[in-house]
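2 protein chains.
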Amino acid sequence: MAQSALRIGVAGLGTVGSALVRILDKKAAALAERCGRAMTVTGVSARDRSRDRDCDLSKVTWFDTPAALAASDDIDVFVELIGGEGDPAYSAVKQALEAGKHVVTANKALLARHGVELAQMAEERGLILNFEAAVAGGIPIIKTMREALTSNDVFRVYGILNGTCNYILTRMEDEGLSYDACLAQAQALGYAEADPTFDVEGYDTAHKLSILTSLAFGSVISADDIYVEGISNITAEDIEAARDMGYRIKLLGVAQKTASGIEQRVHPTMVPVRAPIAQIAGVTNAVAIEADIVGRLVLSGPGAGGDATASAVSGDLCDIAKSRPGHQIAPALGKPAALLAPYKRAAMRAHAGGYFIRLTVHDQTGVFASIASRMAEQGISLASIVQRRKNGAAENADGPQTIILITHETTEQAIRDALEKIEQDGHLAAPSQMIRLEH
Amino acid sequence: MAQSALRIGVAGLGTVGSALVRILDKKAAALAERCGRAMTVTGVSARDRSRDRDCDLSKVTWFDTPAALAASDDIDVFVELIGGEGDPAYSAVKQALEAGKHVVTANKALLARHGVELAQMAEERGLILNFEAAVAGGIPIIKTMREALTSNDVFRVYGILNGTCNYILTRMEDEGLSYDACLAQAQALGYAEADPTFDVEGYDTAHKLSILTSLAFGSVISADDIYVEGISNITAEDIEAARDMGYRIKLLGVAQKTASGIEQRVHPTMVPVRAPIAQIAGVTNAVAIEADIVGRLVLSGPGAGGDATASAVSGDLCDIAKSRPGHQIAPALGKPAALLAPYKRAAMRAHAGGYFIRLTVHDQTGVFASIASRMAEQGISLASIVQRRKNGAAENADGPQTIILITHETTEQAIRDALEKIEQDGHLAAPSQMIRLEH
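So the sequence lines, in the order shown, correspond to chains C and R. Under this note's numbering, the first residue of the first sequence is numbered 1, with each subsequent residue one higher. Under this note's numbering, the first residue of the second sequence is numbered 1, with each subsequent residue one higher.
The set of hints was computed from the structure by calculation and includes no laboratory data. Accuracy of the hints is not assured; some may be wrong.
Identical copies carry no separate label here, and so any pair may be met within one copy or between two of them.
What the hints assert, rightly or not - Calculated pairs, SDA-like style, for lysine to any residue (alpha carbon to alpha carbon, straight line, at most 25 Å): (1) K26 / A338; (2) K322 / F155; (3) K26 / T258; (4) K27 / A291; (5) K26 / D292; (6) K27 / Y343.
Every value quoted in this text rests on a predicted model; they were computed, and no experiment measured them.
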């Protein structure tokens, strides 16, 4: 029995939106066959109607606002590609759900802020809310966590969720260049914005992580309860020291269960050079999931770009095309929104792990003994110690020396206390650097 | 509206079956919440009723045969964990579908042989046929290819699909040991069977590959049209030579579209040491997918073991528990079975790629020139050439020398013709070795 075509409204016709329209047009016949139902874009909204988008919009209806498109009787699914946690995206998505439309969104900021409310609205109305493209672009991480791992309990999920940062860190390692030089390259290639703050300071990663955390632990999304540290203070010297000690530096988003609650943190991280996550180079993203039954899964692929993101959006649309009215809709966040656990934040100072510490010290007798005893006072045990001249200085030159310490597992509180004391002791010729280890 | 519990029949209570029963029992409450419906094992069949399986079977009904369980009115889903392409598994699965039961199977051999027929039977009856566990254990590769990538057209899919082989090859590389020594270790650890033929000669990989090929290209499953070569003739010398040239040797299953048809091949493969697939160590599996929209995805995780396999089986069951009678069932092989394309095999001799050639030659003047001209006659261009003494021989000792060639892209036919001529020329002191490259 042939069903009428699934009518799609697309709000936002940037790189992703126009790629989506192209794909749905070009592959119409194959998609109808695979999904058992045709899909057609019937309505769009975008700020500029005249821009050339290299896709055929001659047969679609233009709407003046996303909300008007969302409420239109001529669509069955509202695709939100506007971005931003507030309006017009937020109102338009609510409008769509209230009007009985399924929703597909790529908007991580919106979900980080309003995801639970939107999931509950969708559930109550028997509608689908899909958002595969919101985290890690083309990697099917939402489907994996929400569907494939339904019977698993996750211990930890972590990943490289921002291609801009990974590109910069990869270039710094490969070329021995400074952070600033690599950021400029990333900007020249279109991998970083003119104002890169949102990416390089970890906020984009934090938004994505908050969604994975909810799926992993069945708790409400809590994007404000994330410890966030970006990559802008990582130096070529850190990268070199990491390599010398068998590590790479990656900006990771990590969520894990601890005895005192859930840890969500985004920070530069030393990972062993042979770890799967260390192999992820350039703009590629990767997510690792550690769960009770399956063990560890790692998924990697393109985390951004028009086509890769449109691949995830169109996959979400195919799932809707394959569904039928009246059948149960699996909850958007993996369990009914009303049953999501409250979020219990573990204090960052209680974080337990290894640490890399780089100290630039004056070349005086007794400095090292003083530092070592400050560590010992806090019960911090050292796994390795390297002392060397500053980069480029001659072997016996006077002037600052570098001391690099790798600690065994200790706590954030102990490290912070030790570093404060070392600072007060007056041995440091430059601010200390501290990078967390992850295994 | 509460629905009655989904009643599950499990045929086969080996490692996977008993792990599944344990998981469904232990997590009953959480699964009911996540799926919106309880699941309960109501019936089982297995050869031995008295064996201690460390799972509670006190409330289930035992059936004498899988077919009797499959036909029982007391189950809604039949889980086939018997294995083997023929009976009793084949008849029991058909029996279940005829009796209107959904089917979940982990049986790659059955699907490789009868997958299209079973998919069609399920479709015609509006039933679900799920088989996530049949390929790459706990990795959600079926869900990814069948659902997440619906809008993509795949160019190539390849992977490490057999943990036994990857364990042996990893040990050979890490320890410099022989194939036989590493096989014995694998057997001692339970990673290899007493008769390891099925794993080490590539047949297990071929079964799994045939399923991925169908999902990738929308063609019927054709497990007989696979070129298969195992790892038992890989030597420590090959591993060492690979490393010296920046490669690792992996047993890959590869399916790709070519101008003349579909290539399906399983063979030891040289992969660049920095390629994602080269990082997969030990019993871990990995699959890479290259597709038109998303680009390249790589998924890795545990490919075998009771819990990891049961994770995939229980994920399949959760998808069924979330579904509702009367709603459309997405086709098991990604498109309706009747619309699957016929399989068009590309001849292996037409395979285009680079090759690693290791020749053990008598130490005579002119040997190298003779070999080089045999290669040139076939239009084969060489990317690198290494000549060295046999392992362990003193620098100036007489006796056989090793010549290692890496070719630029050429054809299987050209390589085979060149090697035949070189053989006939009488320079070889031992059989030649040829390993394909993959990038």
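**Asked** Okay, which hints does this one fail, numbers in order?
**Response** none
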